[in-house]
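J.: Okay, here's what each chain looks like letter by letter:
Protein chains: 2
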Amino acid sequence: MSNTPLGEHEIIQIIQSRLTPMPDMLVPFGDDVSAINLEGKQGAVLKTDMLVRKTDVPQGMSLFAAARKAIVMNVSDFASKGVVPTAVLAAVGLPKALATKEAVAEIAEGLNAGAREYGAYVIGGDTNETEDLIISISLFGTTSVSNRPVLRSGAGVGDILAVTGLFGKSVAGLRLLLGNYKASEGLREVLVDAVYNPRARLREGLALCGGCVSASIDSSDGLAWSISELARQSGVGFLLDCLPVAGEAEEFAVQNELDLVDLVLYGGEEYELVVTVAPSRWVEAQALVGAVGGCLIPIGKATSIQQVRLVLGGREVPVVARGWEHFKSRV
Amino acid sequence: MSNTPLGEHEIIQIIQSRLTPMPDMLVPFGDDVSAINLEGKQGAVLKTDMLVRKTDVPQGMSLFAAARKAIVMNVSDFASKGVVPTAVLAAVGLPKALATKEAVAEIAEGLNAGAREYGAYVIGGDTNETEDLIISISLFGTTSVSNRPVLRSGAGVGDILAVTGLFGKSVAGLRLLLGNYKASEGLREVLVDAVYNPRARLREGLALCGGCVSASIDSSDGLAWSISELARQSGVGFLLDCLPVAGEAEEFAVQNELDLVDLVLYGGEEYELVVTVAPSRWVEAQALVGAVGGCLIPIGKATSIQQVRLVLGGREVPVVARGWEHFKSRV
Numbered sequence: 000m001s002n003t004p005l006g007e008h009e010i011i012q013i014i015q016s017r018l019t020p021m022p023d024m025l026v027p028f029g030d031d032v033s034a035i036n037l038e039g040k041q042g043a044v045l046k047t048d049m050l051v052r053k054t055d056v057p058q059g060m061s062l063f064a065a066a067r068k069a070i071v072m073n074v075s076d077f078a079s080k081g082v083v084p085t086a087v088l089a090a091v092g093l094p095k096a097l098a099t100k101e102a103v104a105e106i107a108e109g110l111n112a113g114a115r116e117y118g119a120y121v122i123g124g125d126t127n128e129t130e131d132l133i134i135s136i137s138l139f140g141t142t143s144v145s146n147r148p149v150l151r152s153g154a155g156v157g158d159i160l161a162v163t164g165l166f167g168k169s170v171a172g173l174r175l176l177l178g179n180y181k182a183s184e185g186l187r188e189v190l191v192d193a194v195y196n197p198r199a200r201l202r203e204g205l206a207l208c209g210g211c212v213s214a215s216i217d218s219s220d221g222l223a224w225s226i227s228e229l230a231r232q233s234g235v236g237f238l239l240d241c242l243p244v245a246g247e248a249e250e251f252a253v254q255n256e257l258d259l260v261d262l263v264l265y266g267g268e269e270y271e272l273v274v275t276v277a278p279s280r281w282v283e284a285q286a287l288v289g290a291v292g293g294c295l296i297p298i299g300k301a302t303s304i305q306q307v308r309l310v311l312g313g314r315e316v317p318v319v320a321r322g323w324e325h326f327k328s329r330v
Numbered sequence: 000m001s002n003t004p005l006g007e008h009e010i011i012q013i014i015q016s017r018l019t020p021m022p023d024m025l026v027p028f029g030d031d032v033s034a035i036n037l038e039g040k041q042g043a044v045l046k047t048d049m050l051v052r053k054t055d056v057p058q059g060m061s062l063f064a065a066a067r068k069a070i071v072m073n074v075s076d077f078a079s080k081g082v083v084p085t086a087v088l089a090a091v092g093l094p095k096a097l098a099t100k101e102a103v104a105e106i107a108e109g110l111n112a113g114a115r116e117y118g119a120y121v122i123g124g125d126t127n128e129t130e131d132l133i134i135s136i137s138l139f140g141t142t143s144v145s146n147r148p149v150l151r152s153g154a155g156v157g158d159i160l161a162v163t164g165l166f167g168k169s170v171a172g173l174r175l176l177l178g179n180y181k182a183s184e185g186l187r188e189v190l191v192d193a194v195y196n197p198r199a200r201l202r203e204g205l206a207l208c209g210g211c212v213s214a215s216i217d218s219s220d221g222l223a224w225s226i227s228e229l230a231r232q233s234g235v236g237f238l239l240d241c242l243p244v245a246g247e248a249e250e251f252a253v254q255n256e257l258d259l260v261d262l263v264l265y266g267g268e269e270y271e272l273v274v275t276v277a278p279s280r281w282v283e284a285q286a287l288v289g290a291v292g293g294c295l296i297p298i299g300k301a302t303s304i305q306q307v308r309l310v311l312g313g314r315e316v317p318v319v320a321r322g323w324e325h326f327k328s329r330v
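In order, the protein sequence lines correspond to chains Y and V. Numbers 0 to 330, taken from numbering that gives the first Met the number 0, label the letters of the first sequence in order. Numbers 0 to 330, taken from numbering that gives the first Met the number 0, label the letters of the second sequence in order.
In case anyone wonders, no lab produced these hints; they're calculated from the structure. One should not assume that every hint holds.
When chains are identical, the list treats them as one kind, so a pair holds in a single copy or across two.
[Said to hold, decoys possible] Straight line, CA to CA, 25 Å or less: simulated BS3-like cross-link-like pairs of lysine-lysine:
(1) K53 / K95
(2) K100 / K181
(3) K181 / K53
(4) K100 / K53
(5) K300 / K53
These numbers were taken from a predicted model, which means no experiment stands behind them.
Input sequences plus hints: build the corresponding full structure.
T.: Below is the structure:
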């Protein structure tokens with residue numbers, strides 16, 4: 000029994016149960032970021048997320064793109080809480096074969112590009128010799144205590160569930176890169192670009208998190224997982240009446256006879272925000288996101304029944320809390 | 000040419016040269032920590048350092064001790080700047096074989112113990128699947144802008160060079176664990192304990208860095224390297240008239256016919272502080288360290304000749320800027 004490999008979420012629970020909790024944290028353990036009180040009504044917001052070549056860098060992705068992605072993964076969590084990233088630390092583990100001037104320069108340029116794209120600076124780091132390429136990023140930003148980061152736990156019954164973009168391109172692109180799937184040249188280009196050049200919804204997150212969303216999470220572990228987390232932490236359920244399907248994902252699903260719902264719900268590596276908005280704030284929320292060039296797509300509603308369900312062909316089917324999980328998931 | 004593996008210091012230089020510098024940093028790139036200005040005369044201090052099993056966790060070291068060490072490595076850098084660590088993030092990369100409840104719990108307990116030992120809390124993290132155990136720690140703390148972290152670059156000619164403890168036990172212990180060396184049972188125990196249970200000199204660092212040291216660095220890359228860094232960044236040299244040799248290291252060197260000077264200067268994985276103190280502050284500095292139960296051992300003086308030299312057998316011999324360096328060093 001003790002030799003059964005655990006899933007990522009179980010591992011996090013075991014770790015958390017062994018830690019002495021810091022008193023008065025601004026954001027509880029288990030949200031997208033960590034945050035603590037500073038003097039003078041400020042809060043420090045912190046996040047760490049590690050990119051590992053074997054699981055996070057698909058074939059054909061350049062070192063520049065991998066390093067940039069390591070930053071984007073972290074910025075996406077800041078975006079979901081409405082926090083501006085200020086500074087980046089990068090701990091880079093390099094296998095010997097990558098300890099060359101060209102490779103190191105490319106990684107550094109990717110780190111810098113990723114940070115600058117979102118207004119942050121890389122201010123320090125560490126390098127080590129590892130068996131595989133590892134880029135462990137830490138992000139730092141500040142928040143005012145009166146304007147706390149938006150938590151996962153604030154959704155109320157009746158709130159509108161919404162996303163900042165359409166889903167399915169990244170997971171389709173990943174399958175194309177890893178498996179025996181087909182796609183026309185133009186489609187392939189779009190799908191693979193979604194994998195190689197992910198974008199964090201920072202502008203949308205900053206626009207939304209000034210008070211008009213009740214809960215927020217990023218979707219990097221998959222749409223179903225993110226919605227389930229909002230439900231679990233808020234003590235509500237969700238009824239989805241519309242799936243945010245990217246047209247290219249639909250095309251890919253048709254061409255390869257794949258289940259489109261599965262592709263959109265249980266993918267992962269997508270960096271949209273999943274938020275809830277009280278109906279009275281909906282028009283304002285849409286306008287705020289529109290003003291920064293984004294969009295806010297309603298996909299369902301929070302319910303008092305604590306289940307996540309999807310209206311499919313006129314019937315309600317359960318959505319399970321499954322998503323990308325290290326140690327368990329395989330594309 | 001492009002395929003020659005680089006050393007860690009060259010890699011850091013290449014990375015740094017590709018980064019857009021953040022304006023107005025409190026601590027320049029290339030010191031023990033990074034620090035930036037916050038509102039209200041506060042500064043945020045950040046540090047990341049990655050522990051990799053293959054290079055940082057010798058045989059026989061428990062997962063608890065490895066996780067604790069990952070924290071100590073980072074706290075030591077805060078100690079050298081006189082900054083209190085407040086919060087820890089831990090990104091943990093686990094090979095499948097360690098994704099068990101027992102192993103994960105032991106790692107979490109080591110992280111918690113390391114953090115609490117120095118007054119900090121683990122407030123968040125990330126887990127990933129990796130080929131080897133990796134624990135990438137980020138440390139956060141604050142400082143007041145009027146009481147900036149002590150830099151590596153402040154040593155002045157005539158300043159006393161001093162250390163907070165004796166050297167050589169860790170490197171001797173490491174050799175014992177890795178190679179074909181001998182030591183009596185009692186000696187072995189002391190030396191191996193130095194490897195398994197390193198301690199950061201936080202109390203000493205906090206006592207010293209209130210204004211009475213002119214420059215400071217930790218010694219995790221080795222004594223010679225640390226002194227050379229103080230010299231390079233301060234634009235001075237040092238003449239060492241006394242080596243801070245631990246009795247146990249001397250015993251080990253004699254028993255194994257090893258060069259003691261080499262062991263003490265070019266070891267590494269020791270977490271003493273190496274500081275410079277103006278002669279007028281020396282008595283105060285010693286008293287402050289003594290008051291927290293530590294000691295401050297003078298080992299030389301800063302010189303205008305920009306070289307590091309050691310008085311050995313009545314002659315001055317050069318000390319080279321060599322130390323533990325990933326990609327290059329082998330025990």
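J.: Does each hint hold? Answer for all of them.
T.: Tested hints:
1. K53 / K95: both (16 Å within a copy, 13 Å between copies)
2. K100 / K181: neither (37 Å within a copy, 41 Å between copies)
3. K181 / K53: within (23 Å within a copy, 41 Å between copies)
4. K100 / K53: both (22 Å within a copy, 23 Å between copies)
5. K300 / K53: For K300 and K53, neither the intra-copy (37 Å) nor the inter-copy (50 Å) Cα distance is at most 25 Å.
The structure is inconsistent with the numbered hints 2, 5, although it conforms to all the rest.
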